[in-house]
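J.: Residue numbers 214 to 517, in my numbering, belong to the letters of the sequence shown in order.
Watch out, some of these pointers could steer you wrong.
[To be verified] Derived BS3-like pairs: lysine-lysine, alpha-carbon spacing no greater than 27 Å straight-line:
#1 K450 - K506
#2 K355 - K405
#3 K332 - K322
#4 K366 - K241
#5 K366 - K313
#6 K313 - K449
#7 K280 - K321
#8 K427 - K371
#9 K497 - K450
#10 K313 - K371
#11 K280 - K322
#12 K427 - K461
#13 K405 - K364
#14 K450 - K427
#15 K332 - K280
#16 K461 - K506
#17 K364 - K321
#18 K332 - K321
#19 K449 - K497
#20 K405 - K371
#21 K313 - K506
#22 K325 - K371
#23 K280 - K364
#24 K405 - K366
#25 K322 - K371
#26 K366 - K355
#27 K313 - K325
#28 K332 - K355
#29 K366 - K322
#30 K241 - K332
#31 K241 - K280
#32 K449 - K427
#33 K280 - K325
#34 K355 - K321
#35 K461 - K449
#36 K450 - K405
#37 K355 - K322
These are computed hints drawn from the structure, not numbers from a lab. Note that this is a predicted model, so its numbers are computed, not measured.
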Amino acid sequence: MRLIESVPNFSEGRRLDVVEQIVEEARKVNNVWVLDYSSDPDHNRSVVTITGEPESVEIALFNMTQKAEELIDLRNHSGEHPRMGATDVIPLVPVMNTTKEECVTLSKKLGKKVGEELKIPVYLYEDSASLPERVSLSNIRKGEFENFASKIKSEQWKPDFGPSEIHPSAGVVAIGCREYLIAFNVNLGTDKIEIADRISRSIRHISGGFRYVKALGFRLEDRDIVQISMNMTNYKKTPLFRVFEVIKSEAERYGVPIVGSEIVGLTPLQALAEVAEHYLRLEKFSCSAILEKRVLDFIADRDK
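Go ahead and model the full structure; you've got the sequences and the hints to work with.
T.: Take a look at the structure:
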């Protein structure tokens with residue numbers, strides 16, 4: 214079996230009936246499995262994780278994007294998380310018997326279809342990027358929906374597919390092949406957003422922090438606290454525990470406790486095993502020592 218993963222992000226986290234309708238489009242497609250989805254009302258954003266055979270995943274992603282275009286109007290949207298599209302980003306990740314090259318090809322095929330049939334401008338990013346300045350998603354998203362109408366008119370920001378003007382309600386979308394990404398958030402016991410902003414600057418790559426960390430500070434209005442919201446773009450080279458320890462140290466400078474953390478969506482087992490290995494000071498430890506992992510490996514070898 215050939216498998217890829219996709220984690221499309223949609224700019225809706227409050228109207229759960231709308232989210233359900235979008236997710237249902239993936240459930241309808243044979244050989245596609247919805248592994249997880251979650252919604253955040255403060256960010257006003259939902260993250261869906263699907264996997265399946267590449268051709269089937271392509272169909273599911275197009276149908277989800279079409280449904281989002283029908284149900285989400287960014288002219289009436291607000292939330293803490295930066296966004297530029299109703300379907301904001303569609304990453305593609307090789308999982309089993311597939312390659313990055315195949316995912317890059319698939320991203321271009323899907324992008325062409327979205328651009329031509331839905332009239333939504335498409336930007337290729339990460340491994341699929343057509344230009345160096347489009348590798349970074351945050352660079353593409355800069356200006357967000359409200360400023361994209363003028364941004365897209367410049368030759369530098371002509372879309373890879375679709376019209377050279379934003380979709381009036383659905384904006385634009387980024388599609389691309391990338392490594393596993395872990396959405397990792399740390400909540401601080403304070404309502405001072407300036408503290409979250411300072412700590413975010415200390416850990417994110419663009420400000421001189423960790424190479425594989427993107428971070429922003431957000432308010433969680435319903436809890437009256439602030440959050441450091443991160444995208445860990447390569448957990449193998451920048452592990453969770455290392456970033457967490459720096460956040461903890463920085464927060465202590467301001468007399469602020471960490472009150473919790475969360476992982477949005479799914480995460481590779483190895484990322485959490487490394488956390489356990491670090492904090493428990495485990496010696497000669499590997500994922501193969503985890504019971505469930507050993508059982509799954511045994512089943513996979515048996516069924517070859």
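J.: Each hint: holds or not?
T.: Do the hints match the structure? See the list:
Pair hint K450 plus K506 holds up; C-alpha atoms about 22 Å apart against a cutoff of 27 Å. With a C-alpha separation of about 24 Å, the suggested pairing of K355 with K405 holds against the 27 Å cut-off. With a C-alpha separation of about 15 Å, the suggested pairing of K332 with K322 holds against the 27 Å cut-off. Of the pairs offered as hints, the one joining K366 and K241 is violated, with about 37 Å between alpha carbons and a cut-off of 27 Å exceeded.
Restraint check: the Cα-Cα separation between K366 and K313 comes to about 31 Å, which exceeds 27 Å; the hinted pair is violated. Under the criterion of a C-alpha separation no larger than 27 Å, the hint pairing K313 with K449 is consistent with the structure, at around 17 Å. Between the alpha carbons of K280 and K321 the distance comes to roughly 20 Å, so the proposed pair stays at or under 27 Å and holds. Annotation: proposed proximity of K427 to K371 holds, straight-line Cα distance about 25 Å (limit 27 Å).
For the suggested pair K497 and K450, the alpha carbons sit about 19 Å apart, so the restraint of at most 27 Å is met. For the suggested pair K313 and K371, the alpha carbons sit about 25 Å apart, so the restraint of at most 27 Å is met. About 19 Å separates the Cα atoms of K280 and K322, which keeps this hinted pair within 27 Å; it holds. Distance restraint check for K427 and K461: the Cα-Cα separation of roughly 17 Å lies within the 27 Å cut-off, and the hinted pair is therefore satisfied.
Of the pairs offered as hints, the one joining K405 and K364 is violated, with about 32 Å between alpha carbons and a cut-off of 27 Å exceeded. Distance check on the hinted pair: K450 and K427 sit about 14 Å apart at the alpha-carbon level, within 27 Å; holds. Distance check on the hinted pair: K332 and K280 sit about 14 Å apart at the alpha-carbon level, within 27 Å; holds. The hinted pair formed by K461 and K506 fails the criterion: a straight-line CA distance of about 31 Å is larger than 27 Å.
Annotation: proposed proximity of K364 to K321 holds, straight-line Cα distance about 22 Å (limit 27 Å). At roughly 15 Å between alpha-carbon atoms, K332 and K321 fall within 27 Å of each other, so this suggested pair holds. Of the pairs offered as hints, the one joining K449 and K497 holds, with about 18 Å between alpha carbons and a cut-off of 27 Å not exceeded. A hinted pair counts as satisfied when its Cα atoms are at most 27 Å apart, and K405 with K371 does not qualify at roughly 39 Å.
About 25 Å separates the Cα atoms of K313 and K506, which keeps this hinted pair within 27 Å; it holds. Pair hint K325 plus K371 holds up; C-alpha atoms about 14 Å apart against a cutoff of 27 Å. Straight-line distance between C-alpha atoms of K280 and K364 comes to about 26 Å, which keeps the hinted pair within the 27 Å bound. Restraint check: the Cα-Cα separation between K405 and K366 comes to about 38 Å, which exceeds 27 Å; the hinted pair is violated.
Simply put, K322 and K371 have alpha-carbon atoms about 18 Å apart, close enough for the 27 Å limit, and the pair holds. For the hint pairing K366 with K355, the CA-to-CA distance comes to about 14 Å; that is within 27 Å, so the pair holds. Taken as a hint, the K313 and K325 pair is honoured in the structure, with Cα atoms around 18 Å apart against an allowance of 27 Å. Proximity of K332 to K355 is assessed by CA-CA distance (about 21 Å); at most 27 Å being required, the pair is judged to hold.
Only pairs whose Cα atoms come within 27 Å are accepted, and K366 paired with K322 is accepted, the gap being roughly 24 Å. Distance hint between K241 and K332 is fulfilled; the C-alpha atoms sit about 24 Å from each other, no more than 27 Å. Distance restraint check for K241 and K280: the Cα-Cα separation of roughly 13 Å lies within the 27 Å cut-off, and the hinted pair is therefore satisfied. Taking the CA atoms of K449 and K427, the gap is about 15 Å. The hint holds against a cut of 27 Å.
As the CA atoms of K280 and K325 are separated by approximately 17 Å, the hinted pair is consistent with the 27 Å bound. Between K355 and K321 the CA atoms are separated by roughly 22 Å; this keeps the pair inside 27 Å, and the hint holds. Taking the CA atoms of K461 and K449, the gap is near 21 Å; set against the 27 Å cutoff, the hint holds. Restraint check: the Cα-Cα separation between K450 and K405 comes to about 31 Å, which exceeds 27 Å; the hinted pair is violated.
Proximity of K355 to K322 is assessed by CA-CA distance (about 25 Å); at most 27 Å being required, the pair is judged to hold.
Figure legend: structure checked against the earlier numbered hints; hints not met, in rising order: 4, 5, 13, 16, 20, 24, 36.
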